[in-house]
Amino acid sequence: MDQAPPAVQAEGVVKRFGPTVALDGVRLTVQPGESHALVGRNGAGKSTLVSVLTGLHRADAGTVTFGGEPAPAFGDTTAWQSKVACVYQKSMVVPDLTVAENLFLNRFDDHARWISWGRLRRRAERLLADYGVQVDPTTRARDLAVEQRQFVEIARALSFGARLIILDEPTAQLDARGIGRLFDKLRELQAQGVAFLFISHHLQEVYELCTAVTVYRDARHVLTAPVADIAKAELVAAMTGEQSAGATAWHADGAGAAAAASAAPVLRTEGLTVQGQFEPLDLEVRPGEVLGLAGSAASGNTALGETLAGMRKAGGGTVRVHGRAVRSGSVPHALDAGIGYIPEDRHDQGLVLERSVAENATLTVTDQLGPWGTVLPSRTREFARSMIASLDIKTQGPEQPVSGLSGGNQQKVVVARALAREPSVLVAVRPTAGVDIKSKDSLLGVVRRVADEGNAAVIISDELDDLRVCDRVLALFHGRVVATFASGWNDGELVAAMEGVGERE
Amino acid sequence: MTGTVRPLAADGIDAGPKGPSTGERPLDRLKLIRWSDFSLVPVILVLMVIGFIVSPVFLTSENLISVVQQSSELSLLVLGQALILICGRMDLSLESTIGIAPVVAMWLVLPAEGGRFAGLGLLPTWSAIPLCLLVGLAIGAVNGFLMLKLRVNGFIATLGMLTMLRGLHIGITEGKSITDVPESFRYLGKSEWLGAPAAVWICLALFAVGGAALAWLRHGRSLYAIGGNPEAARAAGIRVDRVTWIVLAVGGLLAAFAGILYTGHYGSVAATQGNGWIFQVFAAAVIGGISLKGGRGTLFGALTGVLTLQLVVNVMTLGGVPALWNQFLNGAIIIVALVISRFASGEKQD
Chain A
0 MDQAPPAVQA EGVVKRFGPT VALDGVRLTV QPGESHALVG RNGAGKSTLV SVLTGLHRAD
60 AGTVTFGGEP APAFGDTTAW QSKVACVYQK SMVVPDLTVA ENLFLNRFDD HARWISWGRL
120 RRRAERLLAD YGVQVDPTTR ARDLAVEQRQ FVEIARALSF GARLIILDEP TAQLDARGIG
180 RLFDKLRELQ AQGVAFLFIS HHLQEVYELC TAVTVYRDAR HVLTAPVADI AKAELVAAMT
240 GEQSAGATAW HADGAGAAAA ASAAPVLRTE GLTVQGQFEP LDLEVRPGEV LGLAGSAASG
300 NTALGETLAG MRKAGGGTVR VHGRAVRSGS VPHALDAGIG YIPEDRHDQG LVLERSVAEN
360 ATLTVTDQLG PWGTVLPSRT REFARSMIAS LDIKTQGPEQ PVSGLSGGNQ QKVVVARALA
420 REPSVLVAVR PTAGVDIKSK DSLLGVVRRV ADEGNAAVII SDELDDLRVC DRVLALFHGR
480 VVATFASGWN DGELVAAMEG VGERE
Chain B
0 MTGTVRPLAA DGIDAGPKGP STGERPLDRL KLIRWSDFSL VPVILVLMVI GFIVSPVFLT
60 SENLISVVQQ SSELSLLVLG QALILICGRM DLSLESTIGI APVVAMWLVL PAEGGRFAGL
120 GLLPTWSAIP LCLLVGLAIG AVNGFLMLKL RVNGFIATLG MLTMLRGLHI GITEGKSITD
180 VPESFRYLGK SEWLGAPAAV WICLALFAVG GAALAWLRHG RSLYAIGGNP EAARAAGIRV
240 DRVTWIVLAV GGLLAAFAGI LYTGHYGSVA ATQGNGWIFQ VFAAAVIGGI SLKGGRGTLF
300 GALTGVLTLQ LVVNVMTLGG VPALWNQFLN GAIIIVALVI SRFASGEKQD
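Residue numbers (numbering that gives the first Met the number 0), protein chains in the order written: chain A, 0 to 504; chain B, 0 to 349.
To be clear, the hints were calculated from the coordinates, so they are not data collected in a lab. As the structure is a prediction and not an experimental result, all values here were calculated from the model. A hint or two may mislead.
Capping the alpha-carbon separation at 25 Å, the derived lysine to any residue pairs in SDA-like fashion look like this [as the list claims (entries may be wrong)]:
| id | chain 1 | residue 1 | chain 2 | residue 2 |
| --- | --- | --- | --- | --- |
| 1 | A | 393 | A | 435 |
| 2 | A | 184 | A | 210 |
| 3 | A | 312 | B | 238 |
| 4 | B | 292 | A | 402 |
| 5 | B | 175 | B | 119 |
| 6 | B | 175 | B | 107 |
| 7 | B | 148 | B | 163 |
| 8 | B | 148 | A | 402 |
| 9 | A | 312 | B | 241 |
| 10 | A | 312 | B | 147 |
| 11 | B | 292 | A | 406 |
| 12 | B | 148 | A | 10 |
| 13 | B | 189 | B | 217 |
| 14 | B | 148 | A | 326 |
| 15 | B | 292 | A | 353 |
| 16 | A | 312 | B | 151 |
Turn these sequences into a full structure, and let the hints steer you where they fit.
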């Protein structure tokens with residue numbers, strides 16, 4: 000294997016987006032016929048590297064070679080296609096076209112003016128047979144199973160001449176049998192000399208499929224090792240970093256929660272469930288307590304947060320705030336009950352980007368800003384100013400559209416909106432996603448403060464720094480609570496629980 | 000002599016969503032006004048200068064009053080459409096509503112015999128106006144049902160509604176004009192208050208009310224949030240579907256009211272009443288800075304859009320452009336005005 004040049008070799012790749020460094024001199028080498036895993040927590044730089052390797056982003060520094068030859072010029076899509084392809088979580092086929100058409104999209108025929116459907120179908124059959132993919136080329140792409148769709152995408156990439164396939168979370172939407180079929184196919188292709196870069200959150204799969212693993216953390220390369228030589232615990236430690244600096248200051252002392260343990264819970268759920276998202280769940284959050292619900296997006300914790308906030312109707316069970324039942328599936332009722340909500344994605348559910356800071360921050364309290372259903376601009380601004388001051392939002396003024404703010408300050412506006420009604424329960428879903436470290440600290444400080452004032456807070460996240468402010472953390476995996484941690488947990492154990500390690504062994 | 004036009008603008012500023020309020024520093028007040036909302040004001044001024052050069056008749060009060068009179072019905076449709084567009088929807092059926100609403104009302108109140116149009120005579124004549132408004136409200140509500148409950152595509156649903164209502168109109172009237180217009184319609188369409196047609200004052204008042212609602216009422220403000228990002232609006236506790244439904248019904252109501260004014264003014268309902276207006280309505284709204292994607296625009300801007308279109312037609316007529324070329328020029332003007340307002344406001348129109 001050492002004689003052949005590596006399928007891809009990246010050295011010292013640097014990529015910056017404005018002030019943030021997404022890749023800080025990382026390296027990666029994948030040998031031909033190898034399955035190489037790339038793992039790391041969110042924000043480690045995995046997806047940026049994929050963009051650089053597939054020619055979507057131009058690296059600021061560093062070199063990339065494919066099979067010993069330098070990478071094609073930036074923007075030469077055809078040349079990139081002949082080197083590397085990525086199978087994304089999101090489908091990259093046209094759902095209403097047949098498999099054959101998808102395989103040869105825009106290169107139907109080299110010579111003839113007219114598309115010969117018969118020949119196209121035969122070419123597709125031949126191509127699929129070459130790689131042992133058993134799919135009828137006349138099927139519409141939307142009718143394919145997820146792994147079949149992935150096979151088609153892989154076959155298409157190989158037909159361009161690519162010998163490196165990047166798989167971005169390929170198993171996220173597959174059931175166990177689909178995963179088995181996918182892995183069998185990947186091993187077959189490996190034997191033909193195709194190299195795979197496998198990106199996954201499931202460490203178990205890394206051990207099943209891959210021969211080598213590279214770990215990134217905080218935009219840096221941490222280690223590369225043969226999978227056989229590295230224990231799972233070591234891998235988790237490399238992903239998290241033994242000593243996560245900085246945010247440890249926020250580690251909840253747990254004293255407040257202990258003192259309030261006897262008090263009646265502010266938030267209580269009984270048998271709360273949403274079909275296909277999470278199983279019946281009993282929660283109690285006491286005054287002064289911050290509860291963490293740890294888990295990846297697929298764990299169902301986001302859906303749980305949305306259910307608490309009234310964005311989703313529960314399939315069963317009740318939510319009570321101060322003992323009073325909250326009507327399910329109605330945001331106005333949840334707000335009236337005192338549930339404040341910081342949604343997962345500020346662009347999706349958080350902000351009306353073109354409107355002003357003042358308007359966004361007061362969206363939940365428009366009934367308190369004037370008599371008879373009026374909203375007085377003067378009072379709106381006054382309210383917004385107090386929010387800007389108390390949350391330290393960096394803005395030119397309450398009238399500035401939120402689209403002009405930085406990510407951290409946008410997030411503070413979302414938090415302002417949630418806090419505007421002085422909630423007795425604050426539900427925050429990934430509250431620090433995509434914000435800088437300083438805003439992160441102050442946002443988490445705000446959540447802590449809400450609890451310290453005698454309210455309850457729930458943080459739903461897979462970010463360890465978010466979870467550090469919690470007095471108690473429940474780890475969710477596939478819709479079930481798999482572990483409970485008191486304050487002062489060990490990073491590795493929590494990550495292992497979230498990644499489902501131990502689940503599938 | 001421009002006195003009849005100026006008050007329009009003055010009223011309109013109050014109707015803007017961020018109108019001046021007391022107790023603010025001047026700099027703050029300045030920031031409240033989005034200059035893009037005024038991008039058509041210079042265009043209107045230029046048009047008036049051109050009008051003055053083209054014909055001395057232009058700056059007579061009769062001419063200017065006739066311009067605003069002719070703008071009034073269109074402007075009501077634009078008002079309704081603007082509200083609907085701001086909350087991220089569209090309603091094509093407004094142009095049929097302006098015809099069908101008065102027709103149904105008259106059908107129900109006109110006697111079965113004696114007139115040229117045989118009605119049903121079911122209800123007393125005084126109920127013509129409330130009936131007409133009710134029909135408009137009902138059409139808007141049905142549109143809302145289709146879009147919000149059945150979740151069908153709003154563009155096609157209201158396109159179907161447009162065609163269907165036009166057909167109903169022709170079916171009821173057998174393709175003929177109705178000239179036995181109730182007195183109450185005539186009063187609203189024909190009478191003059193304070194030297195200007197009543198219709199003009201009513202339109203101004205409705206724009207002012209609409210603008211004030213968008214500026215100072217919580218449900219009015221919520222339109223921008225709904226149009227800008229419906230999910231965020233929902234997460235903030237706004238009852239998105241309910242508000243949208245009400246706005247669609249109000250749109251129908253305004254179109255029906257425009258129908259009353261138009262019918263009253265011309266003393267008859269033609270089978271083609273409102274035919275083809277929807278293009279002008281959209282053109283005026285977009286030129287006036289309303290985004291077709293929702294969440295952006297002001298009623299003042301929409302009003303300037305209407306005035307711009309009407310002034311162009313007026314100036315062309317006075318300039319002796321043959322009527323046969325009107326349609327061509329009208330389309331050309333829409334495109335030119337669109338480009339001008341695109342660059343004057345510096346915002347993309349999408």
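Hint check results:
no. : hint          : result
1   : A:393 - A:435 : holds (13 Å)
2   : A:184 - A:210 : holds (16 Å)
3   : A:312 - B:238 : holds (15 Å)
4   : B:292 - A:402 : holds (16 Å)
5   : B:175 - B:119 : holds (17 Å)
6   : B:175 - B:107 : holds (17 Å)
7   : B:148 - B:163 : holds (20 Å)
8   : B:148 - A:402 : violated (32 Å)
9   : A:312 - B:241 : holds (18 Å)
10  : A:312 - B:147 : holds (18 Å)
11  : B:292 - A:406 : holds (24 Å)
12  : B:148 - A:10  : violated (56 Å)
13  : B:189 - B:217 : violated (36 Å)
14  : B:148 - A:326 : holds (21 Å)
15  : B:292 - A:353 : holds (12 Å)
16  : A:312 - B:151 : holds (22 Å)
The structure fails to meet hints 8, 12, 13 from the earlier list, while all remaining hints are met.
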